[in-house]
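Work out the full structure, taking the sequences as your base and the hints as a guide.
Here the protein sequences come in this chain order: A and B. Count along the first sequence from 1, then add 125; that gives the number in the numbering used here. Count along the second sequence from 1, then add 6; that gives the number in the numbering used here.
Keep in mind that the hints were calculated from the coordinates and are not lab data. Do not take every clue at face value.
To spell it out: a stretch of chain A is covered by chain B in this simulated footprint if at least three of its residues, at any positions, have a beta carbon under 8 Å from a beta carbon of chain B; those stretches are [to be verified]:
id, stretch
1, 187 to 195
2, 441 to 455
Below, a list of computed lysine-lysine pairs in the DSS-like style, where the Cα atoms sit at most 25 Å apart [unchecked claim]:
id, chain 1, residue 1, chain 2, residue 2
3, B, Lys540, A, Lys229
4, B, Lys159, B, Lys170
5, A, Lys470, A, Lys377
6, B, Lys498, B, Lys391
7, B, Lys407, B, Lys498
8, B, Lys457, A, Lys244
Where is the CB? At the ideal position from N, CA and C, for every residue including glycine.
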Amino acid sequence: MVTQVIPTGLFAPRASDRRWSRHDATHLLRRAQFGASRAEIDRATADGLDKTLDCLLTSQPENEEFRLTESLLRRAAHDTGSAASLRAWWLHRMFYTANPLFEKLALFWHNHFATSIAKVNSVPHMAAQNDLCRTEALGSFRRLLHGMTKDVAMLIWLDGNANRRRHANENFAREVMELFSLGEGNYTEDDIKQAARAFTGWHVRDEQFWFNRRQHDFGPKTVFGRTANHDGGDIIDLCLAQSACPRFLAHKLLRAFVLDQPEKEHVAALAARIRARDFAMGAVLRELLASDFFYSETARAGLIKGPVELVLGALRALEARPNLQAVGRVAAQLGQDLFAPPTVKGWEGGRLWITSATLLQRNNFITALLDGQLGHLGAPATRTWGSAPAAVSFYTDLLLAKHPSPVERARLVAYPKQAQGDEAARTRGLLHLIMTLPEFQLT
Amino acid sequence: MQAKRISALLLTSALFLPLFAEPPQPAEVLPAGALVYLEAHGSGRLVRQFKESALWKLVQDSPQYQRMKQEPNYKQANTARILAETFLGMNLWTLGEKLLGGQVAVGVYPRAGRDQPDAVVLIRVKDRTVLDELRKRANPLALLAGEDVKRFKMPVNVDLWQMKNGLEIATRDDWAVIAQHRPLLLSVLRGIGGQAPKPLAADPEFRAMTSKFGANHDGRAYVNLASVVKGGQPRLGIPEKLDDGGASFFIHGILELAARSPYLGLTLDATDEGFALTAGFPSGPKTLGNKFGWFFSNPATQGTRPLPQVPGVLGGVTMHRDFGGWYSRREELLAENLLPGFDQFETEIANVLPGRDFTEDVLPALGKTVTFIAAEQSFDHLDGKPGVKLPGFALIFDLAKPREGADLFQLVFQTIAALTNFGAAESGNEPTVMTAEVYKGTTLTTARYLKKPKGDRLPIVYNFMPCAASVGNKFIISSSAGTCRALIDALKKPAAGPAPPNRNFNFEIRPSKLADLAAANREALLAQSLQQGKPLQQARGELDLIQKMLRAVKLFRLSTHVKPDQFHLKLEGKW
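In structure tokens form, the structure reads like this:
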């Protein structure tokens with residue numbers, strides 16, 4: 126039975142008398158979405174925390190154009206078998222959906238259950254896995270994990286068909302424990318060996334999951350000290366019952382939504398909420414995003430934007446219409462090729478997004494963006510300004526998680542007077558200066 | 007200063023006085039020695055045809071044009087247009103139709119001591135009232151312009167306007183002459199009066215061109231290649247040996263003719279149903295000797311065959327090339343650095359043809375014609391259809407030794423099918439097995455799917471079910487059995503109608519059939535536009551416009567023709 130206890134301590138809700146500010150709304154939207162436009166920030170500020178969270182955490186109806194376009198793009202990806210088209214489809218969803226938090230979590234789960242099209246080699250299978258990540262994005266992690274272990278793309282990726290009664294392949298069992306549920310060091314090698322026997326016969330046949338009875342080991346297995354005729358589903362339930370499981374998930378959620386290097390007490394507190402909510406991720410996210418801790422100074426401007434977030438966020442803030450193919454390519458160049466994570470561990474993220482090579486690429490991306498190579502720029506990038514301080518305030522509020530220092534601000538304010546070219550060129554130059562500040566890399 | 011100028015003009019004009027006789031043709035007016043000459047007759051009707059055409063209406067109704075009308079640049083240009091039309095007293099379409107309704111000619115001439123040649127434009131209007139009207143309206147403007155525009159009235163109704171930038175415009179009766187070089191302008195005016203010492207029409211190369219290509223065309227052009235060569239570009243800069251194997255195979259013969267020809271002639275003929283633009287060199291293949299015998303078909307024969315008439319043909323190309331002849335002369339034709347690549351190719355192909363030498367065993371089996379064709383396919387090899395519907399494709403090789411050639415190509419076909427199967431296994435696609443069927447007495451070898459793929463949106467790879475067949479001295483390799491069967495029917499049918507003129511190369515495309523293909527793949531094309539960031543409505547509008555434009559055109563053809571003493575390249579369009 127799930128207890129619906131109101132959280133206390135680190136994830137206690139914000140005090141009701143605490144003012145909901147524009148700064149809070151911006152912080153929430155940037156973490157819960159891929160960037161935010163000025164209109165979205167205005168709306169969230171006016172709506173307040175509860176209404177904004179209701180909107181983010183419940184499924185909103187999509188408009189007609191989104192549905193038609195999404196459907197066309199998905200069919201094109203299936204018909205052509207093109208990974209680039211599949212990426213374009215998902216980027217379209219991320220940018221235009223009325224449910225951005227669902228897409229952000231779909232990306233989170235895609236990274237968690239890292240599977241690459243390079244080996245799976247099938248657009249329909251990768252799309253189906255993506256659908257599962259989305260369906261259970263804010264649903265039950267229990268259901269998601271069960272579903273993922275029978276997912277065709279996952280079975281192909283982890284050589285499920287090689288897992289046979291007389292020759293159990295430990296690859297699948299190891300990844301279920303190490304990467305999907307418990308993390309390294311929270312199981313023994315014997316647990317892996319026995320779990321591998323439980324997953325034997327979990328195969329793919331005729332493009333579907335198939336339980337190959339002839340290749341399944343029906344004998345008793347001892348996993349985490351429990352002996353029974355476990356099958357794959359039982360192993361998953363045993364993993365979920367381990368105390369390491371909510372801790373493993375909590376650490377990842379905190380790194381994705383709150384801060385890059387969470388402390389043990391942060392992890393323990395969130396793990397307790399995950400256990401209390403029996404892995405119902407929607408409820409957990411609501412508590413997290415409504416908590417005082419989420420809006421504390423510790424949690425602000427503390428995450429480095431991943432490539433997809435960086436590119437889509439910039440396009441959203443500048444109200445552009447993205448060229449989806451170009452965006453996919455740029456994100457890949459910056460280190461995040463959707464549907465093709467580099468290893469079974471996915472993208473490590475955090476500080477590892479920034480290297481000397483990718484920092485240069487991030488600056489090149491800004492140049493390409495402001496040149497219109499990634500899509501048609503909207504009003505914020507093309508408007509003219511009567512006052513340099515007003516322009517600087519507008520753009521730093523819109524684009525930066527952290528205000529620049531007074532010295533830096535003075536430099537930005539002085540720029541339009543010194544710059545050459547017409548007004549449009551000066552605006553673009555100012556945007557370039559702001560978007561190449563270190564603060565722009567943070568969310 | 008002003009008086010001196012007028013006296014000089016009066017003196018010059020005296021040269022014209024006695025002899026303005028019956029109006030001659032533009033080539034009889036322009037002086038000899040032109041590097042380039044262009045002439046058009048009755049183009050005014052083309053202006054009217056275009057203005058009234060469905061195509062122009064399509065463009066005007068398109069969402070893109072409506073959007074463009076909102077742009078500041080368009081609004082500026084439109085304002086300028088309105089001002090000009092008010093000044094002229096007629097709209098620009100009418101002006102264009104009237105100005106171009108008679109004859110228009112352009113000549114480009116070298117000038118001693120200068121790299122840049124000079125150009126002169128000669129217009130002879132059909133309705134001289136338009137020039138009278140333009141003169142009447144321009145005169146007050148010239149007065150207002152002051153020193154920027156000077157106007158001189160010369161005898162025999164010659165008006166001369168001299169612009170500040172050096173451009174001079176002279177009109178006389180129904181002629182207008184525009185040039186920047188005074189002596190050239192005066193020379194043309196003399197020509198109008200029948201006083202050109204040596205007109206272009208008397209140039210030996212120009213006369214030869216007129217004799218070979220005819221004078222009665224809607225437009226024609228002449229390029230004096232000998233003058234370009236004299237100007238310091240031997241062989242027009244075309245090297246004897248090319249450093250691109252593909253360029254050598256496809257166009258080396260044409261380049262060589264160009265390098266050796268004294269001139270290039272072009273003619274244009276346009277009707278309500280289409281147009282034909284022909285370019286020609288005055289020399290035939292015999293002037294190039296045996297070195298290029300592989301390139302040209304015998305002018306006494308049909309050359310390549312017409313494209314096989316299969317249902318739903320989208321287009322294709324037939325080409326006469328003696329591949330064996332080209333290959334054996336590669337050392338004469340190609341740059342040194344390309345030659346090792348051929349040795350490597352022969353080594354690698356030996357893996358597929360063990361115990362055989364490419365030059366001795368393979369080349370002699372090949373004939374001199376190859377055809378590539380694309381046509382709609384029926385997808386009866388599937389239990390459904392692919393999501394993206396491609397046409398069926400086929401290559402048809404003529405074989406000099408049908409039996410040996412057919413065996414060799416069959417071996418290549420089987421090898422490719424086997425390699426494709428490895429790829430299919432890796433991608434999780436349905437593998438194929440080789441089978442044979444007999445269709446109207448011809449054996450087809452087919453790579454049939456192990457299990458017939460089922461579904462209404464199958465992956466793109468299922469457009470292909472490779473097939474091969476031997477028909478007489480021709481070998482067909484096709485991407486689908488349906489296309490192969492259609493080709494067998496077409497190749498076995500005797501040719502209907504009169505034999506077409508000699509064609510060395512023939513490329514045809516039927517845009518209206520491309521429109522059908524676009525309609526069948528509308529979703530995929532829309533998705534491409536959406537991926538580029540276009541809104542759905544814009545994507546739909548653009549695709550609709552493209553389809554309408556394609557449907558308006560029945561045929562485009564690019565062909566080359568060999569004659570004993572000429573070589574022609576022809577671009578045709580039919581709508």
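Structure-based check of all given hints:
1. Here's how the stretch 187 to 195 of chain A fares: 3 of its residues keep a CB closer than 8 Å to some CB of chain B, so the rule of at least three is met and the hint holds.
2. Counting residues of the stretch 441 to 455 of chain A whose beta carbon lies closer than 8 Å to any beta carbon of chain B gives 5, which reaches the threshold of three, so the coverage claim holds.
3. Using a Cα cut-off of 25 Å, the hinted pair B/Lys540 and A/Lys229 holds, with the two alpha carbons roughly 24 Å apart.
4. Note on B/Lys159 and B/Lys170: the hinted pairing holds, with a Cα-Cα distance of about 18 Å set against a maximum of 25 Å.
5. Distance check on the hinted pair: A/Lys470 and A/Lys377 sit about 12 Å apart at the alpha-carbon level, within 25 Å; holds.
6. The straight-line distance between the Cα atoms of B/Lys498 and B/Lys391 is roughly 29 Å, outside the 25 Å bound, and the hint therefore fails.
7. With a CA separation close to 19 Å, the supplied pair B/Lys407 and B/Lys498 stays within the 25 Å bound.
8. Our distance criterion of 25 Å between C-alpha atoms is met by B/Lys457 and A/Lys244, whose separation comes to about 24 Å.
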